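Could you slot chain B onto chain A? The hints should help.
Residue numbers (my numbering), protein chains in the order written: chain A, 969 to 1094; chain B, 516 to 884.
Be a bit skeptical, because a hint or two may be false.
As the list claims (entries may be wrong) - Derived pair list, reagent style SDA-like, types lysine to any residue, alpha-carbon separation capped at 25 Å:
1) A:K1031 - B:A545
2) B:K844 - A:F1008
3) B:K844 - A:S1074
4) B:K814 - A:L1083
5) B:K696 - B:D593
6) B:K814 - A:K979
7) B:K873 - A:I1011
8) A:K1031 - B:F758
9) A:K1031 - B:N630
10) B:K814 - A:A1081
I should point out that these hints are in silico values taken from the structure, not numbers from a laboratory. Everything numeric in this text was worked out from a predicted model, so none of it was measured.
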Amino acid sequence: MNVPTNLKYTKDHEWVLIKGNEATVGITDFAQHELGDIVFIEIETVGEELGHGEVFGTVEAVKTVSDLFMPVSGTVKEKNEELDTTAELVNSDPYGKGWMIRVELSDPSEIDALLDAEAYKKLIGA
Amino acid sequence: MKNTPFLKYHEALGARIIPFAGYNMPVEYAGITEEHLTVRSGVGVFDVSHMGEFWVNGPRALDFLQHITSNDVSALTDGKVQYTCFPNGRGGIVDDLLVYRFSAEKYLLVVNAANIEKDWEWCVKHAAAFGITAGPGGQLNNASDGTAQLAVQGPLALKAMQKLTGEPVTDMEYYTFKVLKFAGIDDVIFSTTGYTGSGGCEIYIRNADAPRLWEEVFRAGEEYGIKPIGLGARDTLRLEMGFCLYGNDINDTTTPIEAGLGWITKFVPGKDFIDRDLLLKQKEEGTDRRLKGFVMIDKGIPRQHYEVVDAQGNLIGEVTSGTMAPSLKQGIGLAYLNKGFWKNDTEIFIRVRGRDLKAKVTALPFYKQ
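Extracted from the complex, chain A is given alone in its bound form (with noise of 0.2 Å):
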């Protein structure tokens, strides 16, 4: 299972890149796994300010769907486009093509609650 060093994760499965006050947010390679095929991707919430923990859309794979959580507190800047034609690329390319939104954070404190590589790895098992 692909964990890439440079990133942040939570224990819903995101994972964060972090730029000065800027956070991309997408699913880890182990989440794009449990759900299997990725057919849609409901993201409704660009511009919106919203809480660590408050959803921001929703994933639809082929026999389930799950919802999407703020890793970070922050307002929704940007969405990924792409997703909404070829929602599999979050199956193919998760830590790339796949990534879901970009957030200007409000609280960049909340940086540190995060998960590393190493104590990701410890969640899922790998």
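Relative to the frame of chain A, chain B by itself:
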């Protein structure tokens, strides 16, 4: 949790294994979409050893089956298979099943894994009135634990399986069977049935012959690109055909008439079956709800238990099965719909996480070859 004799093959192939109906079963190998499309265009293999098998023998076997099943068993001839159900005495359905006729006095019933115990008790209870003895060595015998089964499905399935037997199988009619020497194994039941709508066969053997069957089937299918298929694709394949799944679309509280199974409910003279009068009345007077197929017009995927509403938001039904249809690339589902809303092309709305998404009632099957 029970294991089928094929479990080690699933594990070696990297399948995701889940508990299903009391068995450790493969839900997917390469991914549901890919597996689904393999069966639609080529050939795929399902381990369906979890299914239950009951044998019924004796001079009163036919009378007994005419009483406990809804379809007309007397219409069967040797080598033919029939889809039917057990009405439950209250208008509901104990299970849906296949009946195989070997001879006028010998039948095989194939039932759903999750219902084996319930079905067995139901059969034993009703067999007594026909003087049919039940249990090991009896006229009614539960062979589920000793019987393994592979479903080999897809347009290339019979062509591939022909390599494993000297008897002709490629021209066998749908819903017929033969007892063959197959892959070097004696007394194999080879049946042109399935739950996918893409043709193929279901092959019944004794557990001890399972490794040989698996290996020979994959060897014979290699040149046709044969692949293992999990329960996930089994569900999307059956749903594209609009086939009912017990526990989702039919259960102890749904009647065969409202489930659209009137075609397996036969009110023929001389067939006095459980719930006959009740179901006949329902057929003549109509029902308050009907199981129907629908396709999503708005983007979204229906799931079991989602509410169905009209344009004003009034509750008019409930989704019983739903998925993204891999062949159609569209959300599809089955739902019980109230009277007035079940005609084809009626606009309905599926409540998906608080939003009412537009859908349309449609004729089955969703998928046409």
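Each hint tested on the structure:
Using a Cα cut-off of 25 Å, the hinted pair A:K1031 and B:A545 holds, with the two alpha carbons roughly 14 Å apart. Only pairs whose Cα atoms come within 25 Å are accepted, and B:K844 paired with A:F1008 is accepted, the gap being roughly 11 Å. The straight-line distance between the Cα atoms of B:K844 and A:S1074 is roughly 39 Å, outside the 25 Å bound, and the hint therefore fails. Distance hint between B:K814 and A:L1083 is unfulfilled; the C-alpha atoms sit about 34 Å from each other, more than 25 Å.
In summary, the hint linking B:K696 to B:D593 is supported, as the alpha carbons are separated by about 18 Å, within the 25 Å threshold. With a C-alpha separation of about 29 Å, the suggested pairing of B:K814 with A:K979 is violated against the 25 Å cut-off. Of the pairs offered as hints, the one joining B:K873 and A:I1011 holds, with about 19 Å between alpha carbons and a cut-off of 25 Å not exceeded. This hinted pair checks out: A:K1031 and B:F758 have alpha carbons roughly 17 Å apart, not beyond 25 Å.
Proximity of A:K1031 to B:N630 is assessed by CA-CA distance (about 23 Å); at most 25 Å being required, the pair is judged to hold. For a cut-off of 25 Å, the pair hint linking B:K814 to A:A1081 is broken: about 36 Å separates their Cα positions.
Hint compliance for this structure: hints 3, 4, 6 and 10 are not met, and every other hint is.
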